[in-house]
Structures are given as structure tokens and as C-alpha cells.
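Chemist: As they're listed, the protein sequences go chains A and B.
Numbering follows the working numbering, with no gaps: position 91 of the first sequence is 91.
Numbering follows the working numbering, with no gaps: position 32 of the second sequence is 137.
No wet-lab data here; the hints were simulated from the structure.
Certain hints may be false.
What the hints assert, rightly or not - List time: in silico DSS-like cross-link candidates among lysine-lysine, alpha-carbon distance up to 27 Å:
#, chain 1, residue 1, chain 2, residue 2
1, B, 155, B, 242
2, A, 96, B, 155
3, B, 188, B, 246
4, A, 4, B, 165
5, B, 242, A, 53
6, A, 4, B, 246
7, B, 141, A, 96
8, A, 23, A, 39
9, A, 64, B, 141
10, A, 80, A, 4
11, A, 4, A, 96
12, A, 39, A, 80
13, A, 4, B, 242
14, B, 272, A, 64
15, A, 80, B, 187
16, B, 272, B, 155
17, B, 187, A, 53
18, B, 188, B, 242
19, B, 155, B, 246
20, A, 53, B, 157
21, B, 236, A, 80
22, A, 4, B, 187
23, B, 188, A, 53
24, B, 157, A, 96
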Amino acid sequence: MSSKIAVMADQDTVTGFMLGGVKDGFPVDNMEEAGEKLKQLAKEYSIIITTEKIGDNFRETIDKMSSESALPMIIEIPDKEGSVERESDPIRELIKRVIGVEMVE
Amino acid sequence: MAQEMIEGINPTRMELLKLKEREKLAVKGHSLLKEKRNALIMEFFNILEKVKGSRENVAKNLEEAYHDLTTAQVSMGDLAVKKAAMSVTESVDVDIDSRSIMGVVVPVVDSETQERTIVERGYGFMDTSVKVDEAAKKFEKSIQLIIELGETEKTIMLLASEIESTKRRVNALEHIIIPRLQNTVKYIEMRLEEMERESFVRLKMVKKSMESEEAVNG
Numbered sequence: 001m002s003s004k005i006a007v008m009a010d011q012d013t014v015t016g017f018m019l020g021g022v023k024d025g026f027p028v029d030n031m032e033e034a035g036e037k038l039k040q041l042a043k044e045y046s047i048i049i050t051t052e053k054i055g056d057n058f059r060e061t062i063d064k065m066s067s068e069s070a071l072p073m074i075i076e077i078p079d080k081e082g083s084v085e086r087e088s089d090p091i092r093e094l095i096k097r098v099i100g101v102e103m104v105e
Numbered sequence: 106m107a108q109e110m111i112e113g114i115n116p117t118r119m120e121l122l123k124l125k126e127r128e129k130l131a132v133k134g135h136s137l138l139k140e141k142r143n144a145l146i147m148e149f150f151n152i153l154e155k156v157k158g159s160r161e162n163v164a165k166n167l168e169e170a171y172h173d174l175t176t177a178q179v180s181m182g183d184l185a186v187k188k189a190a191m192s193v194t195e196s197v198d199v200d201i202d203s204r205s206i207m208g209v210v211v212p213v214v215d216s217e218t219q220e221r222t223i224v225e226r227g228y229g230f231m232d233t234s235v236k237v238d239e240a241a242k243k244f245e246k247s248i249q250l251i252i253e254l255g256e257t258e259k260t261i262m263l264l265a266s267e268i269e270s271t272k273r274r275v276n277a278l279e280h281i282i283i284p285r286l287q288n289t290v291k292y293i294e295m296r297l298e299e300m301e302r303e304s305f306v307r308l309k310m311v312k313k314s315m316e317s318e319e320a321v322n323g
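Put together the whole structure using the sequences plus the hints.
Modeler: Below, the structure is given as C-alpha cells:
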């Protein structure tokens, strides 16, 4: 089964990824638009690339989608301003919760 | 330990047999679930090895890519870069399959990004600068890495939620259901023994009274 990739991010990120060869780029300007687009894209595409800033705004929706089923795959990447400094790495939090001990990497 | 029991159980032999059966099943289920949990955690650690550092790798690649993109935008203008981007042909061919780790369905991504030459990308050379090529090349590489990262992160999340629920079930069986069953079994056994003793004593008394009656009569 061939799958489709979509990029939903700010204009520059979308331009970059389209240069890289992703055909379906969806530039969004504000967060309301992003939320609607995300729901819409989740039905259609199997891989959605979005930025960390958008991801942080829809943390609950994304977490729910990611832990429930195998698809769609939502990947958050840093945008051109660099990655968001987070107090805690979500993946590390998850590991801590699951294993019960903090792992030092 | 708290002597918790299952409420509303009649101390009969029938119930005892049923409970013993249930206890056996619970113990078996517990050991199976424990094995499942251990296998999942092992798998989890294997994947953790893979994800280590790959997020940083993606961030670094993207940073370079963004840098080149910005340079291209500066030298050619926003619109020209956008125009070039629009005409780029699709490069990523992704196949998503799924595999099952102890019953957890995780995606397996098989992606093919071929290294493309400038000609194959599909934009014109006349109005584009060399920086566009650089940026395109770096984005291609980043996309590949991002897809791989996405696969492992997704797997980690799915595994994690499965581990959590398995752990909860193992603990519930170990600390609540099995002790409760054991206590109930013990309670019924004790009750039955007690009833046996009672009836034994009753028989003795009946016998005694019958004997004394006979002695009086005879």
C-alpha cells in the first residue's frame, strides 16, 4: 500500500519540504486553521509532518491519535527558528512512566 | 495482608471447586501476562537504542536545510523559491506495512528516496540559484530521516501504552484478584471443616443420647 505524506506547517517550512519532494504541503497561518486542517488530514494521509509549535498547541489531540492506532503517523519537527526548548522531553517522560525509573542517556 | 474476600459466596463444596478453578486460571493468566510484559519491555529497550540521538540528528539536518533555504530566499526572493518548490516532482515513495509485537500493531515504514540529480527535481535552471539545489538536497535527506524517526517514535508510543495497560493488569491480578480468591478458598475450606466438626459432634451426641436411652430402657 502506497501512502501519502503531508506537511502542515508555516509557509517557509512547507516551501522547504516541497523542495525536498513532498507534494502535499498545507501552509497554515494561525492555530485555529491548523486544528481543523489536522483533523482533516488525519483521515486522508498516513504521515503528517508538522512543527513542534503546532504540535504543542494540539498536544491532546495528537497524543490521542498517536497512542490509539498505528496510523496516521504524526511527526513533529523543529521549524526554522530551531526546536522549542522544553522542560521535559515527551519521549523521556513516557519512558519514565512506563519503566518507572529515569533513564540516563 | 487484608483479608479481603469475594462477597456473597456460599461456603459449599460446589463453590469451592469453582473458586479453585478460577484461582488456577488467574495464576496462569498472571504468569502469561507477566511474560508478555517482560517481552514488551525488552522490545521497548531495543527500540530505545534506535531512537537515541536520531531526534538530534534530524534537528541538525533540518537546521542546515533551513539555513540554505533562507539563503536561497534572500538571493532569489520568496516567490521565486516558492515557484521552484511548486514544480518539484514527488521524491518520496513510502510503503507503510504493519507488524505485530506481542499483539501490538506497529507501523513499518519502507521508504525510498532516491538521490536525485538537479535535472530530475523538475524546476528550471534559468531563474534558480545554486542554493536552491543545496536546500532541496538537504530537505530530501531530512525527510528520509524524519520518516524513520516517525516510525520509531510511533512504535515507542504504541508499545508504551500497551506496556502500561499490561502492567496494570499484572498488578491487579497479583495484588487484588489472586489474594482475594485465595482468601475466599481458605474461608470456604475452614467453614467446611468447621461444619464437618459440628456434624461430627452432633453425631456423637446423638449416639450418646441414644445409648443412654437404651441403658435406661433396657
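Chemist: It remains to establish, for every hint, whether it holds in the given structure.
Modeler: We went through each hint and held it up to the structure:
no. : hint           : in the structure
1   : B:155 to B:242 : holds, 24 Å
2   : A:96 to B:155  : holds, 17 Å
3   : B:188 to B:246 : holds, 21 Å
4   : A:4 to B:165   : holds, 25 Å
5   : B:242 to A:53  : holds, 25 Å
6   : A:4 to B:246   : holds, 18 Å
7   : B:141 to A:96  : holds, 19 Å
8   : A:23 to A:39   : holds, 19 Å
9   : A:64 to B:141  : holds, 24 Å
10  : A:80 to A:4    : holds, 24 Å
11  : A:4 to A:96    : violated, 33 Å
12  : A:39 to A:80   : holds, 24 Å
13  : A:4 to B:242   : holds, 20 Å
14  : B:272 to A:64  : holds, 20 Å
15  : A:80 to B:187  : holds, 16 Å
16  : B:272 to B:155 : holds, 24 Å
17  : B:187 to A:53  : holds, 22 Å
18  : B:188 to B:242 : holds, 17 Å
19  : B:155 to B:246 : holds, 18 Å
20  : A:53 to B:157  : holds, 22 Å
21  : B:236 to A:80  : holds, 16 Å
22  : A:4 to B:187   : holds, 21 Å
23  : B:188 to A:53  : holds, 26 Å
24  : B:157 to A:96  : holds, 15 Å
Hint 11 from the earlier list is the only one contradicted by this structure; the remaining hints agree with it.
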